[in-house]
Amino acid sequence: DQQVKQNSPSLSVQEGRISILNCDYTNSMFDYFLWYKKYPAEGPTFLISISSIKDKNEDGRFTVFLNKSAKHLSLHIVPSQPGDSAVYFCAAGKGGATNKLIFGTGTLLAVQP
Amino acid sequence: NAGVMQNPRHLVRRRGQEARLRCSPMKGHSHVYWYRQLPEEGLKFMVYLQKENIIDESGMPKERFSAEFPKEGPSILRIQQVVRGDSAAYFCASSPRTSGSYEQYFGPGTRLTVT
Numbered sequence: 031d032q033q034v035k036q037n038s039p040s041l042s043v044q045e046g047r048i049s050i051l052n053c054d055y056t057n058s059m060f061d062y063f064l065w066y067k068k069y070p071a072e073g074p075t076f077l078i079s080i081s082s083i084k085d086k087n088e089d090g091r092f093t094v095f096l097n098k099s100a101k102h103l104s105l106h107i108v109p110s111q112p113g114d115s116a117v118y119f120c121a122a123g124k125g126g127a128t129n130k131l132i133f134g135t136g137t138l139l140a141v142q143p
Numbered sequence: 028n029a030g031v032m033q034n035p036r037h038l039v040r041r042r043g044q045e046a047r048l049r050c051s052p053m054k055g056h057s058h059v060y061w062y063r064q065l066p067e068e069g070l071k072f073m074v075y076l077q078k079e080n081i082i083d084e085s086g087m088p089k090e091r092f093s094a095e096f097p098k099e100g101p102s103i104l105r106i107q108q109v110v111r112g113d114s115a116a117y118f119c120a121s122s123p124r125t126s127g128s129y130e131q132y133f134g135p136g137t138r139l140t141v142t
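So the protein sequences, as listed, match chains X and B.
Take any residue in the first sequence, count from 1 to its spot, add 30: that is its number in the working numbering.
Take any residue in the second sequence, count from 1 to its spot, add 27: that is its number in the working numbering.
Heads up, none of these hints are tricks.
Straight-line distance between alpha carbons at most 20 angstroms, and here's what the computed EDC-like set of lysine to aspartate or glutamate pairs gives:
1. 86(X) <-> 130(B)
2. 130(X) <-> 68(B)
3. 130(X) <-> 95(B)
4. 67(X) <-> 68(B)
The set of hints was computed from the structure by calculation and includes no laboratory data.
Sequences and hints are given; from them, build the entire structure.
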C-alpha cells in the first residue's frame, strides 16, 4: 500500500515563476515530512522538512506547507530557476524506535528558461 | 566535511554471484539506513542499523539479503546469489539521530546490474 503519494509524475514551469509540488499521505501517525531533490545518477539531497506540529516551514526559496486535516503537503519554490530541474521526492516518518522514511514516487520538475 | 560515501558506484554481477555494497556514514553519524530504488519507482526502506546492531530490518527480503554495521569500518549490504530482479540503485543514508533531528543524508548510491 502506497502511504505517501505524489500524483503528478511531472511538472513544467517557466523560470522566475512559482513551482508547487504536491504530496498526499494516508497515515495520520506520521510525525515529520521531508522533501528531497534528486538528479540522475546521484543520491537524494535533503531540501527542507516540517514537523507535524507545524503548518509551515521556510528556507530561502523553499517553503513547505502541511495541511494535517487533508493529509496533504506541498513544496513551493519561488522563484524557480533552471537549476531546480530535478526529481522531487516527499518522504514521511514516524518517531519511536525506527526512523525509516516512506517515500513518494517523485515528481519530475522541468524549469524552462 | 565529507558526506556519505558509497562504493562501488557501479557493480555488475552475473546471476548467482554475491554483491557487497559498502557505506561510510558522515562523520559524527552513528545511524545508517539502506534504501533500494527500482526503475521508475521511489526509494524503499530496507534496513536501519546502529553500530553493531540491527534496529529495523522490516524492509529486507527474508532470503539472500543481509546487512551489518561493525564497530570499525563501513556498513555492508550483502546480497547472495543475485538474481536479475536485484538490479536497482541502492542508497545508503546516515543521521546523527540527536533529539529533534530526523533528516537523513544520502550517499550517491551503488547501481547494481545483474546479467
